[in-house]
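Go by the hints and put chain U onto chain B.
As a plain string of letters, each chain reads:
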Amino acid sequence: KQEVTQIPAALSVPEGENLVLNCSFTDSAIYNLQWFRQDPGKGLTSLLLIQSSQREQTSGRLNASLDKSSGRSTLYIAASQPGDSATYLCAVREGSNYQLIWGAGTKLIIKP
Amino acid sequence: DTGVSQNPRHKITKRGQNVTFRCDPISEHNRLYWYRQTLGQGPEFLTYFQNEAQLEKSRLLSDRFSAERPKGSFSTLEIQRTEQGDSAMYLCASSLEWVPSGNTIYFGEGSWLTVV
Numbered sequence: 168k169q170e171v172t173q174i175p176a177a178l179s180v181p182e183g184e185n186l187v188l189n190c191s192f193t194d195s196a197i198y199n200l201q202w203f204r205q206d207p208g209k210g211l212t213s214l215l216l217i218q219s220s221q222r223e224q225t226s227g228r229l230n231a232s233l234d235k236s237s238g239r240s241t242l243y244i245a246a247s248q249p250g251d252s253a254t255y256l257c258a259v260r261e262g263s264n265y266q267l268i269w270g271a272g273t274k275l276i277i278k279p
Numbered sequence: 364d365t366g367v368s369q370n371p372r373h374k375i376t377k378r379g380q381n382v383t384f385r386c387d388p389i390s391e392h393n394r395l396y397w398y399r400q401t402l403g404q405g406p407e408f409l410t411y412f413q414n415e416a417q418l419e420k421s422r423l424l425s426d427r428f429s430a431e432r433p434k435g436s437f438s439t440l441e442i443q444r445t446e447q448g449d450s451a452m453y454l455c456a457s458s459l460e461w462v463p464s465g466n467t468i469y470f471g472e473g474s475w476l477t478v479v
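The listed protein sequences derive, respectively, from chains B and U.
When you line the first sequence up against this note's numbering, it's residues 168 to 279, in that order.
When you line the second sequence up against this note's numbering, it's residues 364 to 479, in that order.
So here's chain B without its partners, still in its complex pose (with noise of 0.2 Å):
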């Protein structure tokens, strides 16, 4: 059974920092792994989506990394603002199952 962890469970940094949050799964026979931003009471928005095949994916100042032989996903956050606070969770997509397997979320905090 698919598990997806995330650490750490929360996070604080100095603005303008650049910082990574992390992903593991459990069984690398995913289909793709995405990560998105929840902001307090809202919904999920996507950032990237990173299929099976590729290594990474960028989206201005984010970068998603992807190494599925070891069961890891990173997000790397260049320059950080007090903007980028909130939650970011990752989920993977297997290959027979049409769920989204989810993480429990990174809370991020950017200190002015």
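No wet-lab data here; the hints were simulated from the structure.
Since the structure is predicted, the reported quantities are computational estimates derived from the model, not experimental observations.
Built from N, CA and C at the ideal position, the CB exists for glycine as well.
Do not take every clue at face value.
[What the hints assert, rightly or not] Simulated coverage check for chain U against chain B, where a stretch passes if three residues somewhere in it have a Cβ under 8 Å from a Cβ of chain B:
hint	segment
1	402 to 408
2	468 to 476
[To be verified] Below, in silico cross-link-like pairs of lysine-lysine (DSSO-like), each with a Cα-Cα straight-line distance of 27 Å or less:
hint	chain 1	residue 1	chain 2	residue 2
3	U	K420	B	K209
4	U	K377	B	K209
5	U	K374	B	K274
Only chain U this time, still in chain B's reference frame:
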């Protein structure tokens, strides 16, 4: 393209009452999903539709829960005889795909349910 729309955004109900949530997916998206999320947790899959057909239901979806997508466009999620444990945010999502693929799944803002 106005995104995935959910309403009501917030619902407070007394235990034992029925509630219904509506989801309007992105137009032309053939796949629609319902998830449930509690504080500090990732979303949990409930069910999904491909067009009007409900293709999969989670074991989390008890007999008190029913979802429909009658014309393959909007969907409703009804909870009968609500219990306090049903308090959560109910998320709807949609995507355009016919087989599992790399297409992005788009989420709505969610509907908060509080059962008192």
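Chain B over the segment 468 to 476 of chain U, status - at least 3 residues with CB closer than 8 Å: Satisfied; 7 residues make the cut.
Coverage of the segment 402 to 408 of chain U by chain B (three or more Cβ within 8 Å): holds (count 6)
Pair hint K374 of chain U and K274 of chain B, alpha-carbon separation not exceeding 27 Å: 26 Å, holds
Agreement of K377 of chain U and K209 of chain B with the hint, judged by alpha carbon distance not exceeding 27 Å: Holds, because 23 Å separates the two Cα atoms, which is no more than 27 Å.
Proposed proximity, K209 of chain B with K420 of chain U (alpha carbon, max 27 Å): 24 Å, holds
Violated hints are absent here; each numbered hint is respected by the structure.
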